[in-house]
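Colleague: Single-letter residue listing:
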Amino acid sequence: MKNPYLLQYPEPQETGSFIQELHKVLKQGYLPLHYFGTPEDLLYALLFKGDEILAFCAPFPAERVLPSLANLYPAFGIFERLLYEEYGIKPEGHPWLKAVRNFLPGDSKHEDYEFFRSDSPELHEVGVGPVHAGVIEPGHFRFICKGEIVHHLEIQLGYQHRGVEKLLAQGDPLLQYPLAEAIAGDTVIGHGLAHALMLEKLHDREGAATKIRNIALEMERIAMHLADLSALAADVAYIMGQNLFAALRTTVINSSLAICGSRFGKRWLRPGGVNYGISPDQADTLKKTLLTVKQQVIDSCEAMFGNLSVITRLMDTGVLKYEDAIALGTSGLTARASGVLVDCRMNFPIEEESGFLPYIEGGGDVYSRAYLRYREIIQSLDFIIEDLELLDFQAPLYTAPGKMVPNAISLAMVEGWRGRILHIAKSCADGTLNWYKVLDPSLVNWQGLALAMRETAISDFPICNKSFDLSYCGSDL
Amino acid sequence: MINLLKARLRHGYQAIPNPLTVPIHESFPGLPYIQPDADLEKLNRLCPVKAFCEKGLDLGKCVFCGICEREEPQMIDFKPNYQIATDAREKLIIAPGQEKLPPIVPINPRLIRRSFALRNVSAAGCNACELELGASTNVNFDMGRYGIEIEASPRHTDALILTGPISRNMADALQITWNAIPSPKYLVLCGSCAISGGIFAQSSELKREFLSRFEAQLFIAGCPAHPLSIIYAIHSFMGAK
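Keeping their order, the protein sequence lines are chains X and R. Sequential numbering of the first sequence, starting at 1, is according to this note's numbering. Sequential numbering of the second sequence, starting at 1001, is according to this note's numbering.
Careful: at least some of the hints might be erroneous.
To be verified - Simulated restraints, written as ranges between beta carbons of each label pair:
1. R:1184 <-> X:311: 25 to 33 Å
2. R:1022 <-> X:96: 32 to 40 Å
3. R:1089 <-> X:13: 54 to 62 Å
4. X:292 <-> R:1054: 43 to 51 Å
5. R:1022 <-> X:118: 32 to 40 Å
6. X:390 <-> R:1184: 56 to 64 Å
7. R:1053 <-> X:204: 34 to 42 Å
8. X:323 <-> R:1077: 56 to 64 Å
9. X:123 <-> R:1022: 49 to 57 Å
10. X:104 <-> R:1088: 29 to 37 Å
11. X:104 <-> R:1089: 45 to 53 Å
12. X:288 <-> R:1202: 37 to 45 Å
13. X:88 <-> R:1209: 39 to 47 Å
14. R:1202 <-> X:116: 33 to 41 Å
In case anyone wonders, no lab produced these hints; they're calculated from the structure. Remember, it's a predicted structure, so these values are computed and weren't measured experimentally. Note that beta-carbon positions come from the ideal geometry of N, C-alpha and C, so glycine has one too.
Excised from the complex, chain X in its bound form:
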């Protein structure tokens, strides 16, 4: 089977055997992709191992109580919290059941929630946010520290919650694509492409201009990795690097503006293909630009990663251990920098990605995440430059929509620059959508940041945070 997938409608089974079945496959090393409830009062669990996907389904349990999986498999922790928040299904024995997005008094199922605290007189708390010092999205961070050293970090998000899944499920075909692009404005192509692939599968429609869509996806990866290298350089006071990488990012995103009119690739793609093609002239210009960018990235990165005062700040700082990265179910660059070989382009390749092999780094520290960005930028640049050679300029830009497959579940996964993006929806018999679920890698990876901060100096939080560079609006939806 090839990504995107039309899932066989899983036969709902009784709750007890559903949980048993999950325990069985989790023991065999399957990892969760998503675990969620739907308005049809059904629970879905999607798991994967290598390139294999399993789907399980069960009706909501009587009394809405379910044994928690999170104690044994922490990756389920965040999904079970959402299940409780959205449908009131209580995971019994959950280690830390608290609000994800609905924390206001009145909305919340957790009245008077207090942050995790310690009564030791030697420890102090530091609270930051939701409004941060820079031009950043809102979120609350609560540190428990002994002097400079962080013992514990609690991350409370939800401030960006604006009901994206609900709006997407309403199924207004005009609104849907721009809405998918606005799930995270720094991952316009990642979410846009996942949305387009998912809908195409649901409408039994082939996507056109797949090469152009992949070029767009890799350009987004390059641009955002450059933005992160710039921000990391700024935070260790390596101002030269900050400016070199910021200017390079401008060059890359201006190239995307030259094609589609948006520096973030908004309006470039559409379900069925693309709105804006690449002409031979544009391909030529883009290739020249990217070759210059490549040389400049190599020189800038070799200079930065060869600078002792930079690497002493980055190395061994904010370590996310391999075991933790797996146990939490992290994906994308976060996981790969901790040595976990996981990448949708390898596990679930879409049309243009077959044969892809990702890089990994072993350290799990800020340095690994920074250096992996450098390697991925070069890899993506080579990928695009090669694709531009092979571009068919006569190809149609998009295909005509087909008829929606009724009562089907469609799943698409895209390796965005942060990690695995998942869009999944179910169609009704009458051509409308029953529900729509989105999973941004950030939702899971935020837990990784919280763990990486333990026993790290609080003054290193900015570089740790930027080395993960996770999305607030992508998690909050």
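Based on the hints, put chain R in the right spot on chain X.
Modeller: Coordinates of chain R only, in the frame set by chain X:
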């Protein structure tokens, strides 16, 4: 070291000499020109956010997705003009045949002509406007040259620049930040989400009462607003020379 020198040489001089007049790439969808005989109702049927009204196109709602232009190129054409900001909400509606938006009247040049500090509150947008606001201060756009700074503390600022449609969860934090800014203070709305709710306007998770309590003085259109639009808007608003 040799890499750094090579990189520095290739980097050259990156600052745009004059961000107020620099031409932008022709593919940029800026200020639209609507033909006098355009069928606005037909255009509105194509529009995901229903930004067309009897008077024309409301740039405060428009998300610049370009669908109207691609479907009806003889009726509407988005020009590469980044001067898409006004000092009043109703002035953002561009009528058929109209070629320019009215110029922004400086609010209090005696006070803020040379220096203007803003505090950003990001309230449930998609982070694109925030990135563009950040880019306005980078090595290329460098709006600091006009004395425009994004400050960390609201106590040190003259204005609040809002991005995003304001979720219920952010309503209080926005109000608290606004209260912390000393008077006289100004409110700037950046991007279609902040101005009208944008692509999220229909969401039940928004709480936009703040905007009915406090009137904004500057409206910067875009989805997201381009750094050149942001710099044009704030620079004009200050009355800087």
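Colleague: With reference to the structure, classify each hint as holding or not holding.
Modeller: Consistency of the hints with the structure:
1. R:1184 <-> X:311: 25 to 33 Å: With a Cβ separation near 48 Å, residue 1184 of chain R and residue 311 of chain X fall outside 25 to 33 Å, so the hint is violated.
2. R:1022 <-> X:96: 32 to 40 Å: With Cβ atoms ~52 Å apart, the hint is violated.
3. R:1089 <-> X:13: 54 to 62 Å: holds, 55 Å
4. X:292 <-> R:1054: 43 to 51 Å: Once the Cβ atoms are compared, 50 Å apart, the range 43 to 51 Å for residue 1054 of chain R and residue 292 of chain X holds.
5. R:1022 <-> X:118: 32 to 40 Å: For residue 118 of chain X against residue 1022 of chain R, whose Cβ atoms are near 55 Å apart, the range 32 to 40 Å is violated.
6. X:390 <-> R:1184: 56 to 64 Å: holds, 59 Å
7. R:1053 <-> X:204: 34 to 42 Å: holds, 38 Å
8. X:323 <-> R:1077: 56 to 64 Å: Check passed, 57 Å falls within 56 to 64 Å.
9. X:123 <-> R:1022: 49 to 57 Å: holds, 53 Å
10. X:104 <-> R:1088: 29 to 37 Å: Since residue 104 of chain X and residue 1088 of chain R have Cβ atoms about 33 Å apart, the given range 29 to 37 Å holds.
11. X:104 <-> R:1089: 45 to 53 Å: For residue 1089 of chain R against residue 104 of chain X, whose Cβ atoms are near 29 Å apart, the range 45 to 53 Å is violated.
12. X:288 <-> R:1202: 37 to 45 Å: At 44 Å between Cβs, range holds.
13. X:88 <-> R:1209: 39 to 47 Å: violated, 29 Å
14. R:1202 <-> X:116: 33 to 41 Å: Once the Cβ atoms are compared, 36 Å apart, the range 33 to 41 Å for residue 116 of chain X and residue 1202 of chain R holds.
Going down the numbered hints, you'll see the structure goes against 1, 2, 5, 11 and 13, while the others check out.
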